[in-house]
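Participant: In order, the protein sequence lines correspond to chains Z and S. Following our numbering, the numbering of the first sequence begins with 1 at its first residue and continues without gaps. Following our numbering, the numbering of the second sequence begins with 225 at its first residue and continues without gaps.
None of these hints come from the bench; they were simulated from the model. Each hint should be verified, as a subset may be incorrect.
Once the Cα atoms are required to be at most 27 Å apart in a straight line, the calculated DSSO-like pairs of lysine-lysine come out as [to be verified]:
1) Z:K14 <-> S:K612
2) Z:K120 <-> S:K356
3) Z:K215 <-> S:K509
4) Z:K57 <-> Z:K72
5) Z:K14 <-> S:K240
6) S:K605 <-> Z:K120
7) Z:K121 <-> S:K278
8) Z:K175 <-> Z:K193
9) S:K509 <-> Z:K162
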Amino acid sequence: MIEIENINKIFNEKSSEPFEALKDITLHIAKNEAIILSGVSGSGKSTLLSLIASLDKPSSGKIVVDGELISKLPDLHASHYRAKSIGFIFQHFNLLEALSVEENIIAPLIPSRLDMPTIKKQAQESMQRAGIAHKASQTIRELSGGEKQRCAIARALVTDPKLIICDEPTANLDKANSLKFIEILSTLKALGKTIIVATHDPIFDSLPFESRVIKMEDGRIVDE
Amino acid sequence: MHNNAFFHFLSLLLFKQKNKHIGAIFISVIIIFLLSSVLFISSSLQKSLQSMLKNQPDFTISRLQAGRAVDTPTEWIEKIVQIDGVSAVTPRVYGRYFFAPNENSFLIVGVDFFDEQSNRSLQELMETTDLKSFFAMPSMLVGEGVQKFMTAHYYSDSFSFKLPNGSFKKVAIAQQLPSSTNLIANDMIVMPLELAKEIFAMEEESITDIALNVPNDAEWDTIVGKLHLLFYDAQVIDKREISKAYKSLYNYKGGLFLILYLITIITFMLILYQRYSMVYSAEKKEIGILRAIGWSIQDILKLKFYETLVIVISSFILGVVLAYIFVFIFDAPLLQEIFLGGENLANSVVFVPTIEFGILGSLFLFFALPFFASVLIPVWKIAVTPPKEAML
Chain Z
1 MIEIENINKI
11 FNEKSSEPFE
21 ALKDITLHIA
31 KNEAIILSGV
41 SGSGKSTLLS
51 LIASLDKPSS
61 GKIVVDGELI
71 SKLPDLHASH
81 YRAKSIGFIF
91 QHFNLLEALS
101 VEENIIAPLI
111 PSRLDMPTIK
121 KQAQESMQRA
131 GIAHKASQTI
141 RELSGGEKQR
151 CAIARALVTD
161 PKLIICDEPT
171 ANLDKANSLK
181 FIEILSTLKA
191 LGKTIIVATH
201 DPIFDSLPFE
211 SRVIKMEDGR
221 IVDE
Chain S
225 MHNNAFFHFL
235 SLLLFKQKNK
245 HIGAIFISVI
255 IIFLLSSVLF
265 ISSSLQKSLQ
275 SMLKNQPDFT
285 ISRLQAGRAV
295 DTPTEWIEKI
305 VQIDGVSAVT
315 PRVYGRYFFA
325 PNENSFLIVG
335 VDFFDEQSNR
345 SLQELMETTD
355 LKSFFAMPSM
365 LVGEGVQKFM
375 TAHYYSDSFS
385 FKLPNGSFKK
395 VAIAQQLPSS
405 TNLIANDMIV
415 MPLELAKEIF
425 AMEEESITDI
435 ALNVPNDAEW
445 DTIVGKLHLL
455 FYDAQVIDKR
465 EISKAYKSLY
475 NYKGGLFLIL
485 YLITIITFML
495 ILYQRYSMVY
505 SAEKKEIGIL
515 RAIGWSIQDI
525 LKLKFYETLV
535 IVISSFILGV
545 VLAYIFVFIF
555 DAPLLQEIFL
565 GGENLANSVV
575 FVPTIEFGIL
585 GSLFLFFALP
595 FFASVLIPVW
605 KIAVTPPKEA
615 ML
């Protein structure tokens, strides 16, 4: 499903002090596979996730997702790709604080050509799947960390993406909520989603579903 | 993008983040309100002035010797009447009477009440005045400002003018001039010619000027030429010059406000620009999040364009409506003082509703275009940065 070939990412490329965040990364991820990217902070996990999600562009190399070269996509296509194929769960949730749970969840569907009743129906299904439907009308400011996490999951799932990307998803959660999150991942895996998680949380060492751990260090894959 | 869903989301953002916009709307409303008020006042005054000037004599002629105004001989009247195309030739005595205690002055205009008046408003007034009782004792017609001033100084029925020989002349207040003439007749006193001459101690055969009408506009320049041929020391003033003088006075005052508006709007737009381009602003994060969940640059610009459009239109309409109410219903307290405050006596003018849509349209463009630019340029700059960076 995902073919990553010789990817390099250099920040401040034109400055006197360029920073090489990813060095010659090559990786193949099959459909419905669960990948755990592990490594210390600054090892390049999050950068790799943003390149796969087309939130940023690599300095060189290519990323092909389902036969589509996403590393060179112009903005309109990249946005379309993110909206259709990617469900991104961020470490700090990145929710629109002034809006309610439901309003946050409908946001990814606004640029689609769907009408409002369909959007609301999809949001409802997604909230139920993430276990946050009972908080639909509450604003993000009123939610606990775990509830924000579930809202972020519901938003990631609302477009029914093939690929779920999670960046340090349990960093702001207690153990109970972290275990609930893993349960949700397990369900998503069972639904046929491809999952990539960047984490250094040991809770991901023993998952209830099959996964492949990829260790990163200093911008390189050191163990697969 | 389905428009219903888009506008639903737009209204959610606007409503739920109203605190974010309320400052911008408030400042915009104040700016638009002030400038619209000034434009309404200026347009209304100019319109009223134009309609009042229509009733003024077409020409006034007086004598100048070595640049000094001197009395005009009455025999000029006979010669002017002989000119073809001239009508309503009226002798007048014009002069300022100073009320020493307050350093205020009244403009005394002495006219022959039995002549046809070259001033059409005065002619209409004469037709409604009971001349029999008017001439039963020395009487005068006074402007609203004069009436108020005299009443405030306990001269509600009559006023005693101090004559140059030191004696006093008591003159009864017969009637107040219509309020609609306040713009030019607020401090005016109209009285019989002979009475005015007595107050100013003028000689029997002298007047200060002669008013006349020339019904055919095309003849105006010819008549001026003939008057100068007849009287080498004559000063001829036509009402177009008076109109220009008043226009430039109000344009000058309006112009000052326009400069203030430009300074204010530039400052405000710079603040807006700064707000939207702030490195760690909430807007930047919001745009980054929307980009990350699949919104394109075009979608973001569309959202911010409509968001700004709602703010601009609502502020503009609110500002203009408030200005209309302030000027045409409440007669623009404070601002009226600025426009009329330089006058000798306190004046109060009823503003005739006048809306110049061309000027309002220009005002909208001058307001909306910089507003859009100061919001959309920084938004575009944020939208083209990688979403990951914008979300930081």
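Participant: Each hint needs a verdict: does it hold in this structure or not?
Facilitator: Status of each hint after checking the structure:
no. : hint              : in the structure
1   : Z:K14 <-> S:K612  : holds, 19 Å
2   : Z:K120 <-> S:K356 : violated, 86 Å
3   : Z:K215 <-> S:K509 : violated, 31 Å
4   : Z:K57 <-> Z:K72   : holds, 7 Å
5   : Z:K14 <-> S:K240  : violated, 41 Å
6   : S:K605 <-> Z:K120 : violated, 32 Å
7   : Z:K121 <-> S:K278 : violated, 71 Å
8   : Z:K175 <-> Z:K193 : holds, 24 Å
9   : S:K509 <-> Z:K162 : holds, 26 Å
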